[in-house]
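Number of protein chains: 2
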Amino acid sequence: MNTRKTLSVALADRSYDIIVGHNLLRDAGQLIDPIITHEPVIVVTDDNVAGHHLGTLDLALQSAGIASTVITLPAGENTKDYDGFHNLVTSILDIGPERRSTLIALGGGVIGDITGFAASVILRGIDFIQIPTTLLAQVDSSVGGKTGINTQHGKNLVGSFYQPRLVLADTGTLDTLPRRELLAGYAEVVKYGLLGDKAFFEWLEKNADALIDGDETLRQQSVITSCRTKANIVSRDEKETGDRALLNLGHTFGHALEAETGFGEKLLHGEAVAIGIMMAFDLSTQIGLCPVEDTTRVRAHFKSVGLPVQPTDISGQAWSSTALLGHMAQDKKVRDGKITFILTRGIGNAFITSDVKISDVEALLDKAIAA
Amino acid sequence: MNTRKTLSVALADRSYDIIVGHNLLRDAGQLIDPIITHEPVIVVTDDNVAGHHLGTLDLALQSAGIASTVITLPAGENTKDYDGFHNLVTSILDIGPERRSTLIALGGGVIGDITGFAASVILRGIDFIQIPTTLLAQVDSSVGGKTGINTQHGKNLVGSFYQPRLVLADTGTLDTLPRRELLAGYAEVVKYGLLGDKAFFEWLEKNADALIDGDETLRQQSVITSCRTKANIVSRDEKETGDRALLNLGHTFGHALEAETGFGEKLLHGEAVAIGIMMAFDLSTQIGLCPVEDTTRVRAHFKSVGLPVQPTDISGQAWSSTALLGHMAQDKKVRDGKITFILTRGIGNAFITSDVKISDVEALLDKAIAA
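Respectively, the protein sequence lines represent chains A and B.
Position one of the first sequence corresponds to residue 0 (numbering that gives the first Met the number 0), numbered consecutively onward.
Position one of the second sequence corresponds to residue 0 (numbering that gives the first Met the number 0), numbered consecutively onward.
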C-alpha cells in the first residue's frame, strides 16, 4: 500500500528519477529539496488541481523550508495554446527567475506540457519537476521530456525535447480524478501492453475493474510497469529517431480525431488514443497483418471498462475521412510525405511502418466513421 | 581575396562547420546540398536583406536543384518580439514542414536568432542553416547556437541553445552593409581581442581603417579570427556554465542600455556593446583592477573608428542609473541575486565575477550617464 518505487531514466547528464508511490505529495518538500538551488520555486498548476492538491504541496514545501510562488492557469486543453503559453511565460518572467530557478508542474498533461515547454525556453532553459496528478500524465506525458503546445495546425506542433529533473507520481492523487479522466489515462496504460508486453495486457484484463475502482496496489503496479517501459524506450531513443515512435500507437489516428473535435472536452486525449488504437488494429487486420481475434479481444477490453472504440462513439460529431486524412498528413511523423503508422502483428507486437497504402487508410477511415 | 576557410565547432553529434569566404552565397546550393534531406527548404529573410541577396541565393539553390520557399519578415529588432515569432512559426507551419525540413536564416542577428528559435521548437526541432549577412552576425550571433526573442522584460529572455547545421559567412555581403551597421559589428570583433587576445587587438588597431573601408582580405581575417575564438569557447562550454560568459564582455551593461532605448534604431546592439565594454573597462579601472592606460587605449580605438563610447553619445535619450540597474538585475546571468560581470585586468585579460559591490556599479553608472 505504501511502497515507493524509484525508476531511472538514463540519459547521461540529463538522467533523472521517477518516484512512484503514495503520499509523495505530502513528502514532496524533502524529496525535492536536494535538487533546488534557487528560491522561490515556481509552482504551475490549474484551478481544478489547485483545489485538490495545492494545499498539500504548499505545506510540504513550507515544512521543508522551501519558498514558493504559485501560478494558477485555467483547467483544460485550451490553456495549451499560443496565448496561454505567452501568458504563462510572461507570468514567470514577472517573478524574475534566474537560470538556476525551478518550475514545478502540478497537474495533468496540459500543465506538464506547457510548463515543460516554458522551462525549456525561459532564459534558454531552467529546471523543472513534474508532479503529475492524472493517470495519463503519470504513465505517459510526465516521463520522457516531450513538451509542447497546440497550434491551429495541430497538437503539440510547437515544443521541445526537454527532460525534467524529477518526476513524482503520487498514485494517491488519482483518487480525486473523475472516472472519465481515469479511463482516458487507462487507455495509455493498455497501450504499453499492446505495443510490446502481452503479459501486461493479460494482467490488465484480469485486474482492470479493481484498478479502475480504486485498488491502490494495482494502480501503483500499473503506473510502475508503464513508466518502466517508457523510461527504457526513452533512454534508448530520446529524440524519437527510432523505436520511441512505438509509443505513438494509436496517436496518428488519435491526434486527427482530436483536431476535428477541437482538442476539448468532447474527446479527451486518452479517449482519442483508445479509438486510435482500435483503428490501428483494424487497419492491421484489414491488410492481413493482425489476427482478427486479437483485434476483437482489445476492442472487448476497452468496451468492458467503458472506453470508446470508434469515432461514432462520440456523440454530436460529424466525421469526414478527408478531413481526418488531412490532419494525419500534418503529423510530426510524416517523412517524405509518407505518414508513419504504428501497426501491429498482434497483441504485444507493434511495429513502425511508412509503407501503408493511402487507399487502405481511406478504406479504414470510411469504415470507421460509418460504423 | 578568394580564399575560403572552414572552421569547426566541435559538439559531438551536433558539430558543424563555419565556412568563411567570398562568393559563398553564389555557391550556397552546392555547399548546402549535402545536408538537405527534405524539400522545399524554407528561407527566412527580411525585406532589406532580400533586396540585396535573395536573388543570388535563389539562383544558387535553383542551380543545385534545391526547391525552396521564402518567408520575408520586416527588417529591424522589433521583428524579434513575441508576435513576430508567433507569425513566423505560423508561416512556417502553413508550409507544412516535416521533421527533416531545413530552415535557412538569411540576414543579420535578428533573422538568425528568431529563425534559430523557430527551428528549435517547430515539430520539437528541425534543421537550420545560418547565412549571416552582417558583420555582427558573422562574428557573433550566427555561431554558437544561442537563439531567442525579446520580451517586455528584456532581450533574449526567451530562447534556446540550438546549433545550426552549417554557417556560411560570405564576407562579400558586407559590401552592402551601411557603415553604421558595419561599425556595430566591428565592436564585437574588437571584443574578441579585448577578452583574451591582445595581439588581435593590436592587429585591429593597425588595420581597422582599411578593414572598415572595405579591404576584403582584412575582413576575412577578422571574421576568421573572431569565429575561431568563439568556436573554441562554445566547444568547451556550450550552455554557458563556465567561461562562455566571457563572450558577454560589455553585454550586461549593453543590454540595459538597449532595454532603455527600446531595442531599436536609436542604439544598435553593437553600439550598445561598445559602450558596455567601455563601462566594463571603466568599472575595472575604478576598482583598481585595470590600468587606466588600457582603458584609455580601448576608448581611443572605438572613437577612432566612430563608435560611441558612453551613454551620452546617444542623442535624445535621458538616462537613469536606477533604471539601468533594474534592467541589469533581470539579466540571464544573475545568480542568487548577484549580477555577473565580465571585468578585465587589462586588454586581453577579461574574467568573470559576481563579486562586484552594487555601490561601485552605481558610482560607475552615475558617472557614465553624466559624462
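It is possible that part of the hints are untrue.
Note that the list lumps identical chains together, so a pair holds whenever it fits in one copy or between two copies.
To be verified - Below, computed lysine to aspartate or glutamate pairings styled on EDC-like, alpha-carbon distance capped at 20 Å:
hint: 1; residue 1: K265; residue 2: D312
hint: 2; residue 1: K238; residue 2: D12
hint: 3; residue 1: K205; residue 2: E215
hint: 4; residue 1: K4; residue 2: D214
hint: 5; residue 1: K238; residue 2: E201
Simulated from the structure, these hints should not be mistaken for laboratory data.
All values derive from a computational prediction rather than experimental measurement.
Results for each hint:
Proximity of K265 and D312 under a CA criterion of 20 Å is satisfied intra-copy only: 11 Å inside one chain copy versus 61 Å between copies. Taking the shortest Cα distances, K238 and D12 sit within 20 Å of each other both inside one copy (15 Å) and across copies (13 Å). With identical chains, the CA atoms of K205 and E215 are at most 20 Å apart within one copy only, with a shortest distance of 15 Å there and 77 Å across copies. In this assembly of identical chains, the alpha carbons of K4 and D214 lie at most 20 Å apart only when taken from the same copy (17 Å versus 67 Å across copies).
In the homo-oligomer, the alpha carbons of K238 and E201 never lie at most 20 Å apart, since the shortest distance is 30 Å inside one protomer and 46 Å across protomers.
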